[in-house]
Amino acid sequence: MGPSLERNIARTLLITVAIAAVACEREQRNLGQSQSAAPSAFVADVDLQPGPTFISDTSEGPFDDNAYNTAEGQALFEEMNCSGCHAHGGGAMGPALMDDQWIYGSLPNQIFASIAQGRPNGMPAWKYRLNNKQIWELVAYVRSLSGLTPKGARPAREDHMMVIPAPNQTPNAKPKNSSLPSASMFP
Amino acid sequence: MKALRPVSDVGGLPSVVFGQRSLMWWGTLGFMVIEGWTTALIFASYFYVRQNFEAWPPLQTPLPSLTIPTINLALMLASFIPAALAARAGKALDRAGVRRWLTVMSVLVVPTVVLRWWDLWALNVRWDTNAYGTAVWLLVGFHASLLLFDVGDTVGLTLFYWLKPMPAKSFSDASDNSMYWYFTVALWAAIYLIVYVGPRIF
Amino acid sequence: MQHIGDTHRGWAHVGALVATCALVCLAACRPDESRSTGSTNVQRGAAPTTAGGEVDLGADDGQWVMPAKNYAATRFSGLTEINEQTVARLRPIATFSTGTLRGHEAAPIVANNTMYIVTPYPNFVYALDLTKPGLPVKWSYNPKPLLASQGVACCDVVNRGAVYDAGKIFFNTLDGRTIALDAATGKPAWDTKVAEINIGETITMAPLVVKGRVLVGNSGGEMGVRGWVKGLDENSGKVVWTAYATGPDKDVLIGPSFKAYYTKDQGKDLGVSSWPPGAWKIGGGTMWGWIAYDSTLDLIYYGTANPGPWNPDVRPGDNKWTSTQFARRPEDGTAVWAYQLTPHDEHDYDGVNEQIIADLPIGGQTRKVLIRPDRNGYVYVIDRQTGQLLSANPYVFINSTTGVDLKTGQLAVNPDKSPQVGKVIREICPAAPGGKDWQPSAYSPKTGLLYIPHQNLCMDEEGVSANYIAGTPYVGMNVKMYAGPGGNRGEFEAWNPVTGKQVWAVKEDLPVWSGALVTAGDVAFYGTMDGWFKAVDARSGKLLWQFKTGSGIIGQPVTYKGPDGHQYVAVLSGVGGWSGAIVAGMLDPRDSSAAAGFVNAMRDLPQKSTMGGMLYVFGL
Amino acid sequence: MTAPPPHDHTGLPADMTLTDDAVAREAAQLDSIWRDGRGFWGWLTTVDHKSIGKRYIITAFLMFIAGGIEAAMMRTQLARPENTLLGPDRYNQIFTTHGTTMMFLFAVPIMTAMGLYFVPLMIGARNVAFPRLNAFGYWTYFVGVVFLYVSLFANTGPDAGWFSYVPLAGPQYSPGHRVDVWAQLVTYTEIAALCAAVNIIVTTFKMRAPGMSLNRIPLFVWAQLVVSFMIVFAMPAVATGSTLMLAADRAVNTQWFNPAEGGDALLWQHIFWFFGHPEVYIIFLPALGFVTPIVETFSRRPVFGYTALVMANITTAFFAFGLWVHHMFATPVPELGQSLFTAASMLIAIPTGVQIFCWIATLWLGRPELRTAMLFVLGFIFTFVNGGITGVMLASVAFDKQAHDTFFVVAHLHYVLLGGGVMPLFGAFYFWFPKIVGRMLDETIGKIHFWLFLIGVNLTFFPMHILGLEGMPRRVYTYLAATGWGPLNLVATAGAYIIALSVIAFLYNVLKSWRGGAPAGPNPWNSSGLEWAIPSPPPSYTFLHVPVVHSRHPLWEPAVDMPVVTGLRTDRREVLLTTAFDARPDSRHHAPGPSIWPLYLALCMGVMWIGSIFSPYFVLIATGLSAIGLVGWALQSTSTPGTERVATGDAVVELA
Amino acid sequence: MHSLFDPSSPQARAVAGLWWWMLAVGGTVWLIVIVAMLWAAITRRQRRLSSDLVRLDDTAHVRTERVVTIASGITVAILIAFLAYDFTVGHALAQHPLRALTIDVTGHQWWWQVLYEDPDPSRQLVTANEIHVPVGVPIQFKLRAADVIHSFWAPSLNGKKDLIPGYTTTLWFQADTAGRYRGQCAEFCGLQHAKMAFYIVAEPKPKFAAWLAAASQAPASPSDPHLVYGQRVFLSAGCATCHTIAGTQARATVGPDLTHLGSRETLAAGTLANTRENLLRWIVDPGLWKPGVHMPAVPLSPPQQEALADYLESMK
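Protein chains in written order, with my numbering: chain A, 1 to 187; chain B, 188 to 389; chain C, 390 to 1009; chain D, 1010 to 1665; chain E, 1666 to 1981.
Next up, chain A with everything else stripped away, as it sits in the complex (with noise of 0.2 Å):
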């Protein structure tokens, strides 16, 4: 075992922890049940603020970056039925959620008050239903159906019937908030 063996040896050693000092969020799987705390929803029908310059809550959901929990929304998304209302991201009887329209905002507090507490125009209150952790997790999926999450962490194809390009290869989105005439149109 010559000195140059050690000293490389050394130096993988060195790049191992310092790989693995930054762990990978991507990749953790939240099994605990805790409850990741619900935001305080801030909800904006249309871009006009009075007042104050509006300031956004967080751009990021807890789950956005998170590969197994995107997907356990995915599997949420199915089981809850939201398909039966908005298909594969493309719409039905409620919106398309793969576009860039967001009625209710595209912010992951937004979108999480939209899903707990339901929409005027059809959208059913869940926050009865699910908890807090779930309506997170689908926070995340339906953002990683229009690119609003980190490409890493969407979920790709299912195996199932190819209905959608898989998130995974959707391109990266910039979002608009509010953009439709009028949003009673639309439930």
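No lab work stands behind these hints, which were simulated from the structure alone.
Remember, predicted model here, so these are calculated numbers, not experimental data.
Even glycine gets a Cβ: it sits at the ideal position worked out from N, Cα and C.
Hints may be right or wrong, so weigh each one.
Some chain E residues close to chain D (C-beta under 8 Å, calculated; not the full set) [to be verified]: (1) 1700; (2) 1727; (3) 1729; (4) 1733; (5) 1747; (6) 1752; (7) 1763; (8) 1766; (9) 1852.
Straight line, CA to CA, 27 Å or less: simulated DSS-like cross-link-like pairs of lysine-lysine [said to hold, decoys possible]: (10) E:1807 to C:812; (11) C:533 to C:639; (12) E:1872 to C:670; (13) C:757 to C:648; (14) C:582 to C:653; (15) C:812 to C:653.
A short list of chain D residues far from chain E (calculated; beta carbon distances all over 12 Å) [what the hints assert, rightly or not]: (16) 1034; (17) 1351; (18) 1354; (19) 1449.
Here the structure of chain A is known, so what remains is to put chains B, C, D and E in place on it, guided by the hints.
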């Protein structure tokens, strides 16, 4: 340790040899077996998933187009002539001949890589549409990587022949290059028949 | 299918031989044209008393009091002013914006020189004065349906129209109410909540008033609701009877007087025993289509919708009484006979399509029949007294089934096209909207032909697990639709119900999602989803006239005689519905499963039509 | 067997000898040509099969230790019911990494590494046929090793099992990049294995010492040759499956394994086991190659049944490709197919049995000397025969449906792999360590090591047979107390710690002996192979002169001196090529010298494979970067001037 | 109850017989080989002379050759016997009975959905994780997977069979003796592969018929106000979005059917004994008992939890 007793002098043996006498020929053969076998396995997978479909290509999936792949195959087959001549010139230690035929060969094979892009789109299906699309894309795409490597090899060798005084060993390389090219084209002919022509017949 | 045609070739020959005979017979049955023309000039102070229901208001060709024109649901008008010669001069007389933008599937109703329009959600009602130029609004009414009802309305928030009877306008709201308005003032007479949106029930159908009963059915077959038809008292709005489509016989109002023609439809409590335990409670069988009424037999006829969920694996059995043709007594809803058209439906082949009442010469005798171009792709001719099946011939390309056995009444399913869980089955024809969806055909006794507006779509299907959560969709199927053979997505077809053969067809690029209208002037009207309103020769299908409206047409054209004695044609333009959901709902075409897969077939629609909501009235 | 070829090839006087002076001068000259460059750069650029082989062996053995630590963690978790030491998430990553490490990063690499080190030595060659390819293979493997362990520490360790069954490992049920790490890592190591295989095949066919016809090849080399052929046919399957199918399904959404769109979950199992079953023999056959020289040497007897052993090797390799379905008896494979695979699985027991009988016969005929290496061979037979018999049992469809995916199989495969692979490997270490290092390993510690290992292995894995039959499935992170599996699991865990102790003893022995062991001399065991004809450790040029061989046991020939050939150039790296079958001198080959391009290209590969997990564009980037490397590589090979003798047709021409 | 050593069906017994035979033959072979090896390595070492062992002793060699040939021949013979016996057993196991009770089992991450087929769809029965079967009747299982590959295995009754997405596989056995047989998923299926067990309860025919009749009845609606409250909690707190209780509006199919939960012996696919305390613990935090389980912790107040547990336990 026993004392050494020379029994033979090998100084007179050649140091550049052709064909199966040369190491590089064996190495090339080894990788041809690996790549050919990989293609065979993909073919096996292609026929395996085919069992899951009532029609092939599946209903609602168009047949692949023939024009571009056929042109590409013709081009590759045409390049056999300069390839054979380059190999022969190599064996005859004809440096100018090798250079000439490698150049002709390069001119013929470089377009095949470009056409390969259109070969893929001539499949008329996306790789993620269904398992059929996946299988044909992988066959054509995997061969594309072999093609790219081989064409790069040919062009590189040609450039060396133009830019550098090539050592005697490169004559052997030129003939091995032709051998690998025949193999690559033979694989393509198989893929062409099975992927592009096959569904029209069966 | 071909071999069915072969089997019955002899029968078909006989039919062809007696065709002329049939026409003569039918001409005799036709309402007297001259008499109705004469009566329209009269300002009707009071409509005929209809408490007894014997008088068919629809017989008056000057008016159009119910979406299907008359109880026989022929959508045939005896007016002749607009005919092959004159139709080319047709021009818009007036337009009126409905103030809404979703799919306008309603028929304008004309009674007493007033036109009544019900818009899609929020179901505004407008009364337009036909006597004044520009058709000014007499009154309007906003029923203020619950916002949330939009969220449980499958396939757009449409409404298929109102009905006029006895000085009242009756209509349904999306949130499940039936409302009676005074026709003259627009004041509500009663307002009854009949459906519960919290479990997914909505109402999109046009009611029908028969013998003092307002007949209403629910929508929501994709939400795991239990289908029903209710008879409301015309004067008080009280629910008199409710006939469920699933469950025990007492719920379905099957009693001792019930007599199904085929053994497959006989038995006790089939609405329970043909389902897995309890599944009938969420099994669909809604009724959101058309009802016909035969006053001579005193029977109402309607069909029930698909079983739920779509995924058939979770509901083995025949799933009675979904996709079933019913005959009932209007007063108490008692079932008289039933015939299940599509047992254990696998492809969302609802049975809610129109049934047209006619007397046809079949087998050498005149038979009292229902003509039913069903969603599963066959035109059924059924003896309306007994429920006996007389013929069933495909009017579109079908491969999901291979024919109907006339002896047993059984539909023969093609197992190769049965959906499977976790596996895509490709090229199922017709697609989920069927050969024809809700869009009603017209029947001209004069030509003896049925005018069928329909689509030509096939689909890929994959069964997936369906989870029942009350008030949310309960479907369990991934669907992707596309144009059927020929590449045209729609067709307007003339069909001879006696021979069971197509006479002519106009191929349309887009599905023909509008209703049809045919007149004694031998002109047939329909609209296209890119906004063309077309008139064709009822005998040849030749295009005689067309006009481009502001939005795609999915409404029901009507014709009436104006106060000036001239004939007018009216239609609502405003694209939407299931087929137009991509435009009306601003759906994303990248998802081929959007709108239950219809979006995949309609990717180009946004380039061809935009949202709209406009009444067009045409005259010479 | 063909008759031995004539004694002499060129008619030189048989009594010509070399003077000591000439030998020393030539040795110095050769060393200056063949030795590695200096310092770290020299370390990075070496293409010497001995340097690379040593490096390979050490890296792979470190992987054995890493896999062993994971095994110890798993055994600790399973020591008692409902243990919460490792959660399911961590446990799944660890058992997957354990399997992956042991199969892909330890077992196959260390077996090929032994071949890469010793095949040239045993056939009288100075290097392998493709030295730079050899370096490239090692670096690729090294990148894979670093990649897997960095990933594991970053909580991205693969967690779908070393077999990565879809759909669990597919895009929907394994979100994130954990399985991508696995899929790409597998491909790296397969590339390394393929490079090694091609190298060993060509080296064996073209670079044998004159006179070493096919029927005189040492059994070690036969095993390596046969295994290399197996690698060529088995590894493309898993590379196809993991990268072209699994990784593609996950990254670019291809549909190989999506049943809804016509893909097939069983396709993966077929592809995987078409590789996976031969994989076992790829590990096991080289180990059998270790056994023969050890048995011969310590029995002081040429092995009994050379031909039978060679044929057994070849038939085993052949049958190994016909067994894969016996991993799939619980899946819907047609009954008739199952029966055929049962028969094939049982047939393979015959060549293995024959080999065991031959070794026992050799012992029987010889005078066994129980050195540590020999003890490990006895331990191998003791343990492996047990695993072989349970293997025959598992070939039975009916029984396999009970035992499949239980601890019975865990027991079986560890008996086979630890007994049939690791025991001979340890024996080989004791046997050849002196050759590599020049110093002897300590026999006393060696015997402690052996006994601890033998007891540990049997204590760990024997109870697992019973556990499996009592219904304990594999790959469970815990079990309920009510199952009654606790006591036997505790015994197994104790055994695992004994194994750990034995490995610590071995490591201590190695570290102690590396610096302070007794000097070995060229042939400490008085063994018969060519590798013992040269000093320990071997000089950079290995053989001063290429030896000429007259029998299977050149060093046991009664002759007092060693016939060699002369005439290879000493001013450049030149090796002798012989004909493929009867090994007559055929040509001289100019072998390449040190090069950085193998490392560079391996890193490009790393960029390609690791990057492709995140974006397909990395494939393009890496292809561009590789092009530079390939040009550099090619230029280096063409930039060696000197007069060549070119064989054209029948003539030989001198060319510049 | 959960072991190849306790076969309770003709199928498992045949395999167990095969196993004991293989063990006896295999053990003998092993013993002979090891004794021969030790004999050769240790005993003979002392007897051998040290002179020139490298040269072959022809007579010894020929004799050894004969021994090795015979040994190889015996190996072949044993293998043929193995093969014959195995084929006999395999053939017996492959014979499917004509008439059998058919039970559909669907594997989910990580529980088992069980459906008793009946030609009359209204007599279908759905349950989970606990399979009652009659003794002495062939039972045919149709096996499907809802997500990933699982494997259905009750060692005392028969070998395992994989449940593979895209395939329907079958397995059958006939329980001979009444009893409770544990089974477990035998193919790695993700985080909770370890806790995906089930029980097969084999009962005499009349008892089974009684069970079937009882299980087919929807549980009576509770009248006790505490239980009524529990039912309300169940229906409104999100339980009903995943679970079914026959006779109520809860008809969801994401999680196991909970009708008659009180009569089952275990909770969470064999993870916990079914006691009220365990049920309460499970409801409060499922992830504590099965980390990664898809069942969420539903935020409920303690009185709601109590009422819910009592309601679920009340449905025997």
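Hint by hint, here is what the structure shows:
Look at residue 1700 of chain E: its Cβ only gets to about 10 Å from chain D, farther than 8 Å, so that hint breaks. With its C-beta approaching chain D no nearer than about 11 Å, residue 1727 of chain E sits outside the 8 Å limit, and its interface hint is violated. Nearest Cβ of chain D to the Cβ of residue 1729 of chain E: about 5 Å, under the 8 Å cut. The hint holds. Because the smallest distance between the Cβ of residue 1733 of chain E and any Cβ of chain D comes to about 5 Å, under 8 Å, the interface hint for this residue holds.
About 6 Å separates the beta-carbon of residue 1747 of chain E from the nearest beta-carbon of chain D, less than 8 Å, and the hint is met. Restraint check, residue 1752 of chain E versus chain D: the minimum CB separation of about 7 Å is within 8 Å; hint holds. Checking residue 1763 of chain E against chain D: minimum C-beta separation of about 18 Å lies over 8 Å; hint violated. Hint status for residue 1766 of chain E: violated, given a least beta-carbon distance of 21 Å to chain D, over 8 Å.
Using the Cβ-Cβ criterion of 8 Å, the hint placing residue 1852 of chain E at the interface with chain D is satisfied: the shortest such distance is roughly 6 Å. Restraint check for residue 1807 of chain E and residue 812 of chain C: satisfied, since their Cα atoms lie roughly 18 Å apart, inside the 27 Å limit. Between residue 533 of chain C and residue 639 of chain C the CA atoms are separated by roughly 35 Å; this puts the pair beyond 27 Å, and the hint is violated. At most 27 Å may separate the alpha-carbon atoms for a hinted pair to count; residue 1872 of chain E and residue 670 of chain C exceed this at roughly 30 Å.
Distance restraint check for residue 757 of chain C and residue 648 of chain C: the Cα-Cα separation of roughly 17 Å lies within the 27 Å cut-off, and the hinted pair is therefore satisfied. Pair hint residue 582 of chain C plus residue 653 of chain C does not hold up; C-alpha atoms about 36 Å apart against a cutoff of 27 Å. Using a Cα cut-off of 27 Å, the hinted pair residue 812 of chain C and residue 653 of chain C is violated, with the two alpha carbons roughly 31 Å apart. The Cβ of residue 1034 of chain D sits about 36 Å from the closest Cβ of chain E, beyond the 12 Å cut-off, so the non-interface label holds.
Distance check on residue 1351 of chain D: its Cβ comes as close as 6 Å (rounded) to a Cβ of chain E, failing to clear the 12 Å threshold; non-interface status is violated. With a cut of 12 Å on Cβ distances, residue 1354 of chain D falls inside the contact zone with chain E, its closest approach being about 10 Å. Every CB of chain E lies more than 12 Å from the CB of residue 1449 of chain D, the least distance being 22 Å, so the non-interface label holds.
Hint compliance for this structure: hints 1, 2, 7, 8, 11, 12, 14, 15, 17 and 18 are not met, and every other hint is.
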